[in-house]
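> Using the sequences provided together with the hints, build the complete structure.
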Amino acid sequence: EAQVTQNPRYLITVTGKKLTVTCSQNMNHEYMSWYRQDPGLGLRQIYYSMNVEVTDKGDVPEGYKVSRKEKRNFPLILESPSPNQTSLYFCASSRIGAGAYEQYFGPGTRLTVT
Amino acid sequence: DQQVKQNSPSLSVQEGRISILNCDYTNSMFDYFLWYKKYPAEGPTFLISISSIKDKNEDGRFTVFLNKSAKHLSLHIVPSQPGDSAVYFCAALRDQGGSEKLVFGKGTKLTVNP
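Chains as they are written, first to last, in my numbering: chain A, 321 to 434; chain B, 74 to 187.
Incorrect hints may have been included.
[Said to hold, decoys possible] Each computed PhoX-like pair below joins lysine-lysine, with the alpha-carbon atoms no more than 25 Å apart:
{"id": "1", "chain 1": "B", "residue 1": "141", "chain 2": "A", "residue 2": "385"}
{"id": "2", "chain 1": "B", "residue 1": "174", "chain 2": "A", "residue 2": "391"}
{"id": "3", "chain 1": "A", "residue 1": "337", "chain 2": "A", "residue 2": "385"}
{"id": "4", "chain 1": "B", "residue 1": "127", "chain 2": "A", "residue 2": "377"}
Please keep in mind that the hints were generated in silico from the structure rather than gathered at the bench.
Set out below in structure tokens:
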């Protein structure tokens with residue numbers, strides 16, 4: 321079964337305490353992305369990765385880091401979380417082929433930074 | 074500057090009738106357009122995509138129409154079912170030599186009444 325998994329699903333932390341949200345996909349997709357969803361703002365892309373060791377900034381990259389050491393994993397790192405990073409985060413993997421595009425999302429991670 | 078706009082925050086339709094969700098975009102360089110469905114507490118679910126070189130793509134009850142001259146796309150759901158009640162996002166992708174930046178609209182909440 322095609323799947324994107326994220327962990328943890330819920331996280332409450334304090335300002336400045338480094339955290340990592342993991343993301344893994346089993347579809348051998350080259351593309352992976354991170355998004356955040358905030359009320360009234362929809363989904364905004366944080367970072368994306370076109371392949372192993374290839375990453376690029378999305379629309380709202382400030383305060384985040386990513387790495388892509390393996391094709392299946394794309395962790396999101398918050399070195400020093402702040403309250404404005406309280407949000408719902410989604411990881412996704414995707415592929416473009418044969419004139420079509422498909423993207424699959426993980427279940428989401430709800431992060432609260434106090 | 075919002076590149077992808079969903080001007081209707083909500084839509085209510087009777088079961089069995091057609092649901093039409095609309096989306097406008099400003100950048101004529103987008104290569105793909107996508108529709109997603111999102112239930113509360115779940116990640117977005119990919120529904121259907123269309124390449125910018127096509128004007129229609131159909132998958133079961135879902136059909137997406139693209140009008141490039143008007144920079145407008147729409148998702149038709151026929152017949153609508155109560156289980157279709159969710160928030161629908163349209164998104165646009167520009168495929169620039171392997172880079173992937175996906176821009177989302179803010180969503181339209183569809184309610185299908187029994």
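> With reference to the structure, classify each hint as holding or not holding.
Status of each hint after checking the structure:
Of the pairs offered as hints, the one joining residue 141 of chain B and residue 385 of chain A is violated, with about 36 Å between alpha carbons and a cut-off of 25 Å exceeded. Distance restraint check for residue 174 of chain B and residue 391 of chain A: the Cα-Cα separation of roughly 19 Å lies within the 25 Å cut-off, and the hinted pair is therefore satisfied. With a C-alpha separation of about 14 Å, the suggested pairing of residue 337 of chain A with residue 385 of chain A holds against the 25 Å cut-off. A hinted pair counts as satisfied when its Cα atoms are at most 25 Å apart, and residue 127 of chain B with residue 377 of chain A does not qualify at roughly 29 Å.
This entry does not satisfy hints 1, 4, going by the numbered hints stated previously.
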